[in-house]
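With the sequences and hints as input, model every part of the structure.
The listed protein sequences derive, respectively, from chains A and B.
Just so we're aligned: 223 in my numbering is position 4 of the first sequence, and the numbers increase by one with no gaps anywhere.
Just so we're aligned: 271 in my numbering is position 52 of the second sequence, and the numbers increase by one with no gaps anywhere.
The set of hints was computed from the structure by calculation and includes no laboratory data.
As the structure is a prediction and not an experimental result, all values here were calculated from the model.
Don't take every hint at face value.
To be verified - Interface residues of chain A toward chain B, partial, derived using beta-carbon atoms under 10 Å:
hint	residue
1	Gly230
2	Pro231
3	Thr330
4	Thr334
5	Ala338
6	Ala340
7	Ala341
8	Trp392
9	Pro406
10	Tyr463
11	Thr464
Claimed, not checked - Computed spacing ranges between beta-carbons, pair by pair:
hint	chain 1	residue 1	chain 2	residue 2	range
12	A	Pro428	B	Leu360	23 to 29 Å
13	A	Arg402	B	Arg368	20 to 26 Å
14	A	Arg390	B	Ala290	46 to 52 Å
15	B	Met220	A	Leu360	49 to 55 Å
Note that beta-carbon positions come from the ideal geometry of N, C-alpha and C, so glycine has one too.
2 protein chains.
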Amino acid sequence: MTGKLFIVGTGPGNPAQMTPEAEDAIAVATEFFGYGPYLDRLHLRADQRRIASDNREELDRAHAALARAAAGADVCVVSGGDPGIFAMAAAVCEAIDKGPQEWREVDLTITPGVTAMLAVAARIGAPLGHDFCAMSLSDNLKPWDVITRRLRLAAEAGLVIALYNPISKARPWQLGEAFEVLRQVLPAQVPVIFGRAAGRPDERIAVMPLGEADAGRADMATCVIIGSPETRIIAREGKHDLVYTPRSFTGESH
Amino acid sequence: MTGKLFIVGTGPGNPAQMTPEAEDAIAVATEFFGYGPYLDRLHLRADQRRIASDNREELDRAHAALARAAAGADVCVVSGGDPGIFAMAAAVCEAIDKGPQEWREVDLTITPGVTAMLAVAARIGAPLGHDFCAMSLSDNLKPWDVITRRLRLAAEAGLVIALYNPISKARPWQLGEAFEVLRQVLPAQVPVIFGRAAGRPDERIAVMPLGEADAGRADMATCVIIGSPETRIIAREGKHDLVYTPRSFTGESH
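Written out as C-alpha cells, the structure reads:
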C-alpha cells in the first residue's frame with residue numbers, strides 16, 4: 220500500500236501568505252523533503268522528520284520522496300512559492316515519468332501557492348496586470364540561445380517578463396546580457412522591478428528604467444519584472460511609486 | 220485623513236486556498252467592493268457593508284472604492300484569484316493614475332493570492348513547470364490582431380500558454396480561432412488543459428490534444444492551458460493522467 224505524497228507551496232516566505240490547504244497537508248505528512256531554508260519555514264512536530272538537501276538536487280530529492288511514499292510513508296515535498304512554477308512539482312512528475320511503475324500508483328496531491336512574481340507585483344502595484352510571461356534565466360537546464368530567443372520574442376509580443384533565477388554565483392553574467400538583449404527590442408524607459416524577498420522582513424524592492432538597469436541589484440532571492448512599452452509609473456508624494464500595466468492595449472509607448 | 224484601501228485576492232474559490240493575509244485585510248475593512256460572486260465568498264459581519272457590481276464594471280468599481288477610501292473609509296476591493304492577474308489591482312492603479320491627487324494619498328495594500336492557472340496546474344501535474352505566459356483572450360480591451368500576434372509569438376518562443384477569459388456569451392468564437400492560430404505553429408499532439416473551477420466542488424478538468432481541442436469545452440470559469448512541444452503526459456492506471464512540462468529543454472518534440 221502506497222503512502223501519500225504532498226507537494227506544497229509555502230508561498231514567498233511570509234507565513235501569512237501560505238494557504239490553509241498547505242498547512243493541512245503539512246499536518247498530515249511525517250517526512251519532509253526540501254531545500255533547507257524552505258524546511259526552516261515549517262514548525263514541525265517531534266514525530267515529523269526533516270530531510271534537507273541542496274537547492275540544485277531537485278531530481279534526487281524527487282526520487283527519494285517518491286521511494287518513501289511508495290514504501291508507505293506520508294511524505295511532503297516542500298517548495299517555496301508555488302510548487303508548479305520553476306519548482307518541485309515538475310521534478311516529481313519527471314521522476315514519475317521515468318521511474319518504476321509503482322511511483323505512478325502513489326497518491327499525489329499538489330497544493331498551489333503564491334509564487335514570487337505575484338508577491339512582488341502586489342508590493343509595487345500591478346505590473347502583471349496584463350499579458351505577461353514567466354521565464355527562468357538559468358542556463359543549467361536549457362541552452363542560453365534558447366533563452367535569448369525567448370526573451371526577444373516575448374518582448375516583441377509586448378509581454379511583461381518576469382524572470383526567475385536571474386543570477387547566482389555560478390551564473391553571474393546572464394542577467395546583464397538579458398538586459399542587453401531586451402534593450403535591442405524595448406524602449407529604454409520601460410520600468411524594471413527588482414523584487415527581493417517580497418513580504419519578508421528583508422524585503423527590498425527597487426524600480427529603474429531598462430536603459431539603466433543594473434544586474435548587480437539582483438541576487439538569488441530576487442524576481443526581476445521587466446515592463447512592456449505599456450507599463451506605467453505613478454509618482455506619489457511620501458509613498459513609493461506604483462508600477463502597473465493597464466488592462467487595455469492602446470498601442471502607445473510612453 | 221484618508222482611509223485604507225485593500226485589494227485582496229480570494230484565490231480560486233476554495234476557502235482553504237485563501238491566504239491568512241487576505242483574511243486579515245478583510246477583517247479590518249468595513250466596505251467591500253466587488254463582483255457579486257466574489258463577495259459571496261466572504262463571511263462579513265453585520266458592520267461590514269457589501270457593494271456588489273457586475274464583472275465588466277471594473278473601472279467604475281475602482282473609482283467608487285477610491286472615493287470612499289479618500290473620504291476616510293476602510294475599504295476592501297475583492298478579486299477572485301490574485302488581484303494582480305487580469306483583475307482589480309490594475310483597474311485601481313489606472314484609476315489612481317488618471318484620478319484626483321487625493322487618490323494618490325490613499326493608503327494602499329494589495330494582498331496576492333493563488334491565481335487560477337496555478338490552481339489548475341496543481342490539479343493536473345506541472346504544466347507550467349517551465350517557461351510560460353499568461354494572456355487574456357478578451358478583445359474588449361485590446362484588438363484581436365494584437366492577441367493573435369501574441370499567441371503566435373508565444374508559441375514560436377516555446378512558451379506554455381495560459382489563457383484567461385477564454386470565452387463568454389459576448390465573445391463566442393475567439394477561443395476556437397485562437398486554437399486555429401496555434402495549430403499553425405504547434406504540433407497537433409500538444410496537450411490542452413481545460414481547467415474549470417479548480418479546487419471547487421464543481422471542478423471539471425479535461426485534457427485533449429490541440430488537434431482536437433474543442434472551444435465548446437470552455438466557459439467563463441475556465442482557464443485553458445496550452446502546452447509547449449516539450450509538455451508530456453503520464454498515464455496512470457486508475458488515476459487521472461498527469462501533464463507536466465520538464466524543467467529542462469531538450470529540443471525534442473514528442
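Evaluated hints:
1. The beta carbon of A:Gly230 is positioned within 10 Å of a beta carbon in chain B (closest approach about 7 Å), and the interface hint is therefore held.
2. Below 10 Å, beta-carbon pairs count as interface contacts, and A:Pro231 has one with chain B at about 8 Å; its hint therefore holds.
3. Restraint check, A:Thr330 versus chain B: the minimum CB separation of about 6 Å is within 10 Å; hint holds.
4. For A:Thr334, the shortest C-beta to C-beta distance to chain B is roughly 7 Å, which falls under 10 Å, so the interface hint holds.
5. Interface restraint check: A:Ala338 against chain B, minimum CB-CB distance 5 Å, threshold 10 Å, status holds.
6. For A:Ala340, the shortest C-beta to C-beta distance to chain B is roughly 4 Å, which falls under 10 Å, so the interface hint holds.
7. With its C-beta approaching chain B no nearer than about 4 Å, A:Ala341 sits inside the 10 Å limit, and its interface hint holds.
8. Taking 10 Å as the C-beta cut-off, the interface hint given for A:Trp392 is violated, the closest approach to chain B being about 20 Å.
9. The beta carbon of A:Pro406 comes no nearer than 17 Å to any beta carbon in chain B, farther than 10 Å, and the hint placing it at the interface is violated.
10. For A:Tyr463, the suggested interface contact is upheld, since its CB lies about 4 Å from the closest CB of chain B, less than 10 Å.
11. Interface restraint check for A:Thr464: the shortest CB-CB distance to chain B comes to about 6 Å, inside 10 Å, so the restraint holds.
12. For the pair A:Pro428 and B:Leu360, the beta carbons lie near 26 Å from each other, so the given range of 23 to 29 Å is met.
13. A hinted range of 20 to 26 Å holds for the C-beta pair A:Arg402 and B:Arg368, which are about 22 Å apart.
14. Between A:Arg390 and B:Ala290 the Cβ separation comes to about 50 Å, which falls inside the hinted range of 46 to 52 Å.
15. Look at B:Met220 against A:Leu360: about 52 Å separates their beta carbons, and that is inside 49 to 55 Å.
The structure fails hints 8, 9 (numbered hints given earlier, in ascending order).
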